[in-house]
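Engineer: Each chain is listed here by its residues.
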Amino acid sequence: MPPARPSASRRRTVRPTTYRHRASHPARYLIPAFAVLGVFFFVPTIFNFVYALTDWSSFKSEIGFVGLRNLEDLVSSGTLLTSLRITLVYAVLVAVFQNLFGLLLALLLERDTRINRFARVMFFIPVVMSALAVGYVFQAILKPDGAANSILGVVLGQEVTIPWLGDTTWTLVVVALIHSWKWMGLSMLIYLAGLKTISEDVLEAARLDGASSWTAFRDIRFPLLAPALTFNVATALLGSMNGFDIAQATTGGGPARTTELLNIFIFRTFGQGLFAQATTMSLVLFVVVVALALPVIRTLRKREEVL
Amino acid sequence: MKKYLTITTAVVAVGLLAAGCSDPTAGGGGAGGEPAAWPAQDTDLDGTTLTIWAAQNSNTVPEAVVAGFEELTGAEVEVVTIPDPYEQGIQTKVATGDMPDLAFWQPTASMLTALNAPTNLQPLDGAPWVDSYSDGLADITGSLDGTQYAALITSPAVEGVYYNKEVFAEHGIAEIPTDWNTFLEVARALKAEGQTPFYEMGEDLWATQWWIHVLLADAAKDGLWERVNTGEEKFTDPTILGAIETYESLIDEGLFNEDIKTATFEDQGDALLAGDAAMVVQVTSFFGQLQAKADSAELDEKIGFFPISPSGNVGTFIPDQSNALVAFKTGDADREAAARQLLTYWLGDGYADFVADRDTISLQDGVPTPDSVPQALLDVHASLGESVGSMQVLAVANPDMYISLADMVQGTMTPEEVAQETQDQFAQLARAQGVEGF
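Sequence lines, in order, name chains A and B.
For what it's worth, the numbering used here labels the leading residue of the first sequence as 3, then goes sequentially.
For what it's worth, the numbering used here labels the leading residue of the second sequence as 1394, then goes sequentially.
What the hints contain is simulated information worked out from the structure, not anything from laboratory work.
Please note that a few of the clues may not be correct.
[As the list claims (entries may be wrong)] No farther apart than 27 Å at their CA atoms in a straight line, the calculated lysine-lysine pairs in the DSSO-like style are these:
{"hint": "1", "chain 1": "B", "residue 1": "K1558", "chain 2": "B", "residue 2": "K1686"}
{"hint": "2", "chain 1": "A", "residue 1": "K145", "chain 2": "B", "residue 2": "K1686"}
{"hint": "3", "chain 1": "B", "residue 1": "K1614", "chain 2": "B", "residue 2": "K1627"}
{"hint": "4", "chain 1": "A", "residue 1": "K304", "chain 2": "A", "residue 2": "K198"}
{"hint": "5", "chain 1": "A", "residue 1": "K62", "chain 2": "B", "residue 2": "K1486"}
{"hint": "6", "chain 1": "B", "residue 1": "K1558", "chain 2": "B", "residue 2": "K1584"}
{"hint": "7", "chain 1": "A", "residue 1": "K62", "chain 2": "B", "residue 2": "K1627"}
[Unchecked claim] Covered stretches of chain B (in silico footprint by chain A; criterion: 3 or more residues with CB under 8 Å from a CB of chain A, positions within the stretch not fixed):
{"hint": "8", "segment": "1475–1481"}
{"hint": "9", "segment": "1484–1496"}
{"hint": "10", "segment": "1506–1512"}
{"hint": "11", "segment": "1787–1799"}
{"hint": "12", "segment": "1805–1814"}
[What the hints assert, rightly or not] Across the chosen pairs, the derived CB separations fall in these ranges:
{"hint": "13", "chain 1": "A", "residue 1": "F49", "chain 2": "B", "residue 2": "T1474", "range": "29 to 35 Å"}
{"hint": "14", "chain 1": "B", "residue 1": "L1771", "chain 2": "A", "residue 2": "I164", "range": "42 to 48 Å"}
{"hint": "15", "chain 1": "B", "residue 1": "T1442", "chain 2": "A", "residue 2": "V41", "range": "28 to 34 Å"}
{"hint": "16", "chain 1": "B", "residue 1": "D1435", "chain 2": "A", "residue 2": "G69", "range": "52 to 58 Å"}
Even for Gly, the Cβ is constructed at its ideal location relative to N, Cα and C.
Work out the full structure: start from the sequences and follow the hints.
Structural biologist: In structure tokens:
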């Protein structure tokens, strides 16, 4: 929240010069921006609330108001909670993996050598790739007769047919790893930027005091990376709460719906023609994301205050 | 100034809200009563591009017809493959206002309802091809509330047992099972001799429901689905739950392939052809898969079909999306007419070529079925008269029972949970459709 003080004080003690300066940009100039914002952000969000209270479906053209019935149905059937649990586990896994990989890469590629610059580009390429393409490529690699098993087979000298995407417990972790692989380049970039802001003097002082590189990292560099960590954890966590494409392309929610993220469930419900129910679910997702985002971001911000 | 801005924004938002608060796919609906004109098959269509949506297992079906039609009329026809799950993909696209000119579609009442046929589909009443159908086929399926919306192009699928004749012969099984008991006797005898009796595709999910339909065939003849439709009987009641439990017990007994959890549709075809499994409960599109892998002579030699139900040899019929096409109300009158023209050609002058190209059974007396059609398909078509409709045909809504069943195959759900989840979903869909009692 930006502080509201300037506008309040302006109202009381307006100085002519400032006023003239402001008047050269009439507020109506903001209308186009607000119109775009309204059409593409506010209205859809409001509709998300409105349709959740209706019986909108593909079966008929009329839309009637039904109150909270959709929500009651959802809560009483266990599927929503199962999907929500899977989504949360997935989001936490992605947040951990993506930050771990990103941070390791950043530390590894910190120095500006030619090889490092090349490697950074390589690791950033998955970020700009289509998520569906990534998903389908990994699906092909991880098939029981896919490349991963063939390579393992050659290394171990025997035939390997691990169904990487067919395990009801571990496939979720595999998909989370794929998601993290795709996005770790972005985390790396942000950590790199964070590392660059750390003053060389501080590190030199630490070295002179006899700190090992691990101590320097643990006590100086990592705490100073707090803003980067806040951003990376928040975006990874919240981005993967809204995950769909990678899971849909690799497993389609299977096996036995153990990787059915809430968005896949929503997609399936929408596909059945139950649009209002699907809208209600996306509303639930919205609420959960907000409920999760506020405490996480507040906690991480607290860490930054010492800086 | 700020105040004006707020007011303007609010007015715009409310206005948009009011304007938007109706189904985006709700068309004008003015074309209701007037009969559609049926253009001659060879009307010039230079510069017209038609789009047909097809599934992965039906995208080669229109090839010959499309080629013939393009040459005859100068139109351009694009066949677009919509990935599986096909029906879901199409419903989602149509709901957001994206529609093709024609699409393959399951011509059952529940699936036509799911597309909101009265709003989105062109009525095909009075089409020129209706009289060409052989006896009894013109109105077997494809209509909703008395209006025809789908054009049947191939013989509707029948759920039954595809078996490997060589495996049967090898194990000395001369008689085809005549009811459920003999069917299971054969399976157990095969297992005792080390042969995998049944093959199921747990990974691709959708075939899991065939076992339940087949087990419910007698009950369906008895009006099971009418009772389910009124809420009088539920999926959790003994009849349907019992069928689910039977299916699970057969899997537990070890009568299915060991890799049931990871096997796919493709694996299933390969396994039956290779004789790795003796029998597969499937629909006609499975035979299409076999045709892609072997020629008719080999199929005649190897693959047979018999319908099965608890009490005898009653098949369960389920037209699927590869059997029929629907034409969409795209709002472009010329293209709508061209779509009707393509259907007229498909089931008119183009039908003989189509039947010959697809090696399939002709639905018209005037067009002979090619000699090369494998015997198994003729058997399937012959069983159609005796068969009973599946859940999709007779129930008002089509819940995703196959997904829950696949979960059961994976071992994460019990039969009770499958029945309960299916019932909940059925009630939800029925209520959305405005069915009384839900």
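Engineer: If you draw a straight line from the CA of B/K1558 to the CA of B/K1584, is it 27 Å or shorter?
Structural biologist: 16 Å, holds
Engineer: Three residues or more, CB to CB closer than 8 Å: is that satisfied between the segment 1484–1496 of chain B and chain A?
Structural biologist: holds (count 4)
Engineer: Can the restraint linking B/K1558 and B/K1686 be considered satisfied, given a maximum Cα separation of 27 Å?
Structural biologist: Within the cut-off at roughly 17 Å; holds.
Engineer: Is it true that B/L1771 and A/I164 lie within 42 to 48 Å of each other by Cβ?
Structural biologist: Hint holds: Cβ distance 44 Å, inside 42 to 48 Å.
Engineer: Is the gap between the beta carbons of B/T1442 and A/V41 within 28 to 34 Å?
Structural biologist: Holds: the Cβ-Cβ distance is about 31 Å, inside 28 to 34 Å.
Engineer: How does the Cβ-Cβ distance of B/D1435 and A/G69 compare with 52 to 58 Å: does it lie in that range?
Structural biologist: Given about 57 Å between the Cβ atoms, the range holds.
Engineer: Three or more residues of the segment 1805–1814 of chain B near chain A by CB distance under 8 Å?
Structural biologist: holds (count 3)
Engineer: Is it true that A/F49 and B/T1474 lie within 29 to 35 Å of each other by Cβ?
Structural biologist: 32 Å, holds
Engineer: Within 27 Å, alpha carbon to alpha carbon, are A/K304 and A/K198?
Structural biologist: 22 Å, holds
Engineer: With a cut-off of 27 Å on the C-alpha distance, tell me whether A/K145 and B/K1686 pass.
Structural biologist: 22 Å, holds
Engineer: Hinted pair, alpha-carbon criterion (27 Å max): A/K62, B/K1627. Please report holds or violated.
Structural biologist: 25 Å, holds
Engineer: With a cut-off of 8 Å between beta carbons, are at least three residues of the segment 1787–1799 of chain B near chain A?
Structural biologist: holds (count 3)
Hint check: no violations occur; every hint is consistent with the structure.
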